[in-house]
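Number of protein chains: 2
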Amino acid sequence: MRVLVLGGDGYLGWPTALYLSSRGHDVGVVDNFARRGYDLEMGVDSLVPIVNLQQRVRRWKEVSGHSLDTFIGDLTDATFVSGTLATFAPDAIVHFAEQRSAPYSMIDRQHAVYTQANNVIGNLNLLYAIAEQNRDIHLVKLGTMGEYGTPNIDIEEGYIEITHKGRTDLLPYPKQPGSFYHLSKVHDSHNIHFACRIWGLRATDLNQGIVYGQQTEETVLHPDLATRFDYDGVFGTVLNRFCVQAVVGHPLTVYGTGGQTRGMLNILDTLACVELAVLNPADPGEFRVFNQFTESFSVSQMATMVADAFDGEVEVSSVPDPRVEKEEHYYNAAHTKLLDLGLEPHLLTREVIRGLLDSVRDHRDRVDLDAIRPTVKWRETASTLATSGSALSPTTAG
Amino acid sequence: MRVLVLGGDGYLGWPTALYLSSRGHDVGVVDNFARRGYDLEMGVDSLVPIVNLQQRVRRWKEVSGHSLDTFIGDLTDATFVSGTLATFAPDAIVHFAEQRSAPYSMIDRQHAVYTQANNVIGNLNLLYAIAEQNRDIHLVKLGTMGEYGTPNIDIEEGYIEITHKGRTDLLPYPKQPGSFYHLSKVHDSHNIHFACRIWGLRATDLNQGIVYGQQTEETVLHPDLATRFDYDGVFGTVLNRFCVQAVVGHPLTVYGTGGQTRGMLNILDTLACVELAVLNPADPGEFRVFNQFTESFSVSQMATMVADAFDGEVEVSSVPDPRVEKEEHYYNAAHTKLLDLGLEPHLLTREVIRGLLDSVRDHRDRVDLDAIRPTVKWRETASTLATSGSALSPTTAG
Numbered sequence: 292m293r294v295l296v297l298g299g300d301g302y303l304g305w306p307t308a309l310y311l312s313s314r315g316h317d318v319g320v321v322d323n324f325a326r327r328g329y330d331l332e333m334g335v336d337s338l339v340p341i342v343n344l345q346q347r348v349r350r351w352k353e354v355s356g357h358s359l360d361t362f363i364g365d366l367t368d369a370t371f372v373s374g375t376l377a378t379f380a381p382d383a384i385v386h387f388a389e390q391r392s393a394p395y396s397m398i399d400r401q402h403a404v405y406t407q408a409n410n411v412i413g414n415l416n417l418l419y420a421i422a423e424q425n426r427d428i429h430l431v432k433l434g435t436m437g438e439y440g441t442p443n444i445d446i447e448e449g450y451i452e453i454t455h456k457g458r459t460d461l462l463p464y465p466k467q468p469g470s471f472y473h474l475s476k477v478h479d480s481h482n483i484h485f486a487c488r489i490w491g492l493r494a495t496d497l498n499q500g501i502v503y504g505q506q507t508e509e510t511v512l513h514p515d516l517a518t519r520f521d522y523d524g525v526f527g528t529v530l531n532r533f534c535v536q537a538v539v540g541h542p543l544t545v546y547g548t549g550g551q552t553r554g555m556l557n558i559l560d561t562l563a564c565v566e567l568a569v570l571n572p573a574d575p576g577e578f579r580v581f582n583q584f585t586e587s588f589s590v591s592q593m594a595t596m597v598a599d600a601f602d603g604e605v606e607v608s609s610v611p612d613p614r615v616e617k618e619e620h621y622y623n624a625a626h627t628k629l630l631d632l633g634l635e636p637h638l639l640t641r642e643v644i645r646g647l648l649d650s651v652r653d654h655r656d657r658v659d660l661d662a663i664r665p666t667v668k669w670r671e672t673a674s675t676l677a678t679s680g681s682a683l684s685p686t687t688a689g
Numbered sequence: 292m293r294v295l296v297l298g299g300d301g302y303l304g305w306p307t308a309l310y311l312s313s314r315g316h317d318v319g320v321v322d323n324f325a326r327r328g329y330d331l332e333m334g335v336d337s338l339v340p341i342v343n344l345q346q347r348v349r350r351w352k353e354v355s356g357h358s359l360d361t362f363i364g365d366l367t368d369a370t371f372v373s374g375t376l377a378t379f380a381p382d383a384i385v386h387f388a389e390q391r392s393a394p395y396s397m398i399d400r401q402h403a404v405y406t407q408a409n410n411v412i413g414n415l416n417l418l419y420a421i422a423e424q425n426r427d428i429h430l431v432k433l434g435t436m437g438e439y440g441t442p443n444i445d446i447e448e449g450y451i452e453i454t455h456k457g458r459t460d461l462l463p464y465p466k467q468p469g470s471f472y473h474l475s476k477v478h479d480s481h482n483i484h485f486a487c488r489i490w491g492l493r494a495t496d497l498n499q500g501i502v503y504g505q506q507t508e509e510t511v512l513h514p515d516l517a518t519r520f521d522y523d524g525v526f527g528t529v530l531n532r533f534c535v536q537a538v539v540g541h542p543l544t545v546y547g548t549g550g551q552t553r554g555m556l557n558i559l560d561t562l563a564c565v566e567l568a569v570l571n572p573a574d575p576g577e578f579r580v581f582n583q584f585t586e587s588f589s590v591s592q593m594a595t596m597v598a599d600a601f602d603g604e605v606e607v608s609s610v611p612d613p614r615v616e617k618e619e620h621y622y623n624a625a626h627t628k629l630l631d632l633g634l635e636p637h638l639l640t641r642e643v644i645r646g647l648l649d650s651v652r653d654h655r656d657r658v659d660l661d662a663i664r665p666t667v668k669w670r671e672t673a674s675t676l677a678t679s680g681s682a683l684s685p686t687t688a689g
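So the sequences go chain by chain: A and B. Each residue of the first sequence is one higher than the one before, counting from 292 in our numbering. Each residue of the second sequence is one higher than the one before, counting from 292 in our numbering.
In short, the hints are calculated from the structure, not lab data. Just so you know, not all the hints are guaranteed correct.
Claimed, not checked - Only pairs whose alpha carbons sit at most 30 Å apart, straight line, appear in this in silico DSBU-like list of lysine-lysine: (1) A:456 <-> B:628; (2) B:456 <-> A:617; (3) A:628 <-> A:617; (4) A:628 <-> B:456; (5) A:617 <-> A:668; (6) B:456 <-> A:456; (7) B:617 <-> B:628; (8) A:456 <-> B:617; (9) B:617 <-> B:668.
What the hints assert, rightly or not - Facing chain A, from chain B, some residues (calculated, C-beta under 10 Å): (10) 367; (11) 369; (12) 373; (13) 399; (14) 404; (15) 412; (16) 419; (17) 422; (18) 444; (19) 450; (20) 463; (21) 477; (22) 478; (23) 671.
Stated by the list, open to error - Where chain B lies over chain A, by a calculated footprint (3+ residues, C-beta under 8 Å): (24) 413-427; (25) 436-445; (26) 455-469.
Note that the Cβ used here is the ideal one computed from N, Cα and C, for glycine as well.
Turn these sequences into a full structure, and let the hints guide you.
Now the structure itself:
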């Protein structure tokens, strides 16, 4: 199949492009390098060095024999979007190309507006390009489990049957997202659902959990094929942060009580899920929602697991939660649809954590501990922060 | 109280400003004249002539003795928003300042993106300005009953208690909006709800039905105080269209079977509801949702009511529905919260319809029948329409 990977230079987009390419699909990569730009803005970097896209693509051709088409541009540029679709003529589009950090979206007004405008407008341009060129193209869109928040009932996959005052309907699952970023994904979901209803588009919304892991069968073939490893306070995820803190001898910083529970999955399962979605497209007019994660853990559990896997002493300490979220809550989310399609999960074993710790050790000299501190606080905004230093200058924020 | 009316030059914003001013509130009017710009773009006009804002404000001062502060600018300009709030220092903000036509949002990609960017970004700028200046300001935001769509269960006011697999939670009511405009209001609702959670803002979301009526106690005091009467295929509402068609002897054009049922209310009740919300603010951190309508009618019922009220022959004919919507559906929506605050509804009587018909007769020479034809079709996009004329040129679309 012809698959266009939007955001194909990013943490998951790049390994997805390689995975699909290695399995014989014709793959195009679309990116505007916004993700690399955020690094420059925040003064941080991937722990594992990454080379530029052109070098990545040349190396992949050399290693695998497969070519990747590249399209450099921005989804908010409608002419670029329609031109790219017309040129590549995809059967499926995998859409990773959004600003995906909750803390980044919460820095200040400008970053909130950027996140929602970038994500929502890029996605609208994409929906129109599909509707106007080929309504049979299957859109595989990356959403997030964070769209649901933490309701006091079981989370279902996109829809819930509600019986109310003697009548019953299957309705979109209520959303309670926890950042302007997570809200942008909720907006996207509503827009895509509508596009499926009016234009008969085929779409799969992958409500993904938190992904861990940095190595795939393809990325390990050469250092130039490596993908990112983020551990900073804005783009890093909690498991990566804990691994870095363990290796450098810093206490693992748990936000609040650590009872926050989230769905998680191995990067290898992200790749498998995306291909399963691509190979089993939604029906015309169908807005299909899969919850894409394999296990749930609380932050405290993750800290304990990292401490257990680490050879040596590890201290765990609590810091005030910079977010507004429930620190203790019910959490039980369905995730059977991808298993039904054949997903075979890679679970978060002691060996997997030891592999992550090894990756950190290999690049220990690149660790910047200042980058880990949570500088973006949900209850404050730019003007409040202005008195104590800019949220964008973590190393000078005191 | 000091009340800032955003979109205060529009169909409802202007009479709301006068109503609040006449009741002793200090009122500021904010507008960017986008609504007048849409008229120029579409080549249509209000049936009742309206003068410019400066003349309206001068006339109101002369007639009532009350001054209105004016702020001319765009909510997508964050500097303008924060400056206006700092200057006027409102106790409450009534936010009408959004692109509010479903057909306009469905013209093509550009209009869909404009509608969502304009509405969502303007509202985000407003939320940040409130959070950064005075979290006690009460935001009274105009939403729409169209956010809910037409579910097969009763529609509640913003939230629904769901019991699922033995557990219960009160959750945001699921949304199934029917246009990119209606979607923008759903996005706003999610963003405001979040702002209330993280910043403790006070907000009331008025999910308004379709408003009819053109005269209020204040606007009838002088022709310069009149508000708009829209009957065109893009900004006009169905009852206005039927009244114009009856007066000029054109068959009343019902879309499809006419079973589409919607909540409606008199313009006099909009004014009363807004003041009730302003006088009874939401609590800090509360995102309160009121369903603001008084009666529900199907399109067929409205056609029959207009035909009954009209002195003379009226033909009713069906045209293909340009929208994607259920033509026959269950509809039962709660609307008790504003009644509990003291709303005394003005219902859609034969006399009210006769009053509308009289308004049309007074301006019969200004009717442009070409403007009524539905030119925007939900299932098509710009490129499809390109072959049969532009959606923006209704008089040349054949």
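Okay, the hints, checked on the actual structure:
| no. | hint | in the structure |
| --- | --- | --- |
| 1 | A:456 <-> B:628 | holds (19 Å) |
| 2 | B:456 <-> A:617 | holds (22 Å) |
| 3 | A:628 <-> A:617 | holds (27 Å) |
| 4 | A:628 <-> B:456 | holds (19 Å) |
| 5 | A:617 <-> A:668 | holds (15 Å) |
| 6 | B:456 <-> A:456 | holds (17 Å) |
| 7 | B:617 <-> B:628 | holds (27 Å) |
| 8 | A:456 <-> B:617 | holds (22 Å) |
| 9 | B:617 <-> B:668 | holds (15 Å) |
| 10 | 367 | holds (9 Å) |
| 11 | 369 | holds (6 Å) |
| 12 | 373 | holds (9 Å) |
| 13 | 399 | holds (8 Å) |
| 14 | 404 | holds (5 Å) |
| 15 | 412 | holds (5 Å) |
| 16 | 419 | holds (4 Å) |
| 17 | 422 | holds (5 Å) |
| 18 | 444 | holds (4 Å) |
| 19 | 450 | holds (9 Å) |
| 20 | 463 | holds (5 Å) |
| 21 | 477 | holds (6 Å) |
| 22 | 478 | holds (4 Å) |
| 23 | 671 | holds (9 Å) |
| 24 | 413-427 | holds (count 5) |
| 25 | 436-445 | holds (count 4) |
| 26 | 455-469 | holds (count 13) |
Consistency note: the structure conflicts with none of the earlier hints.
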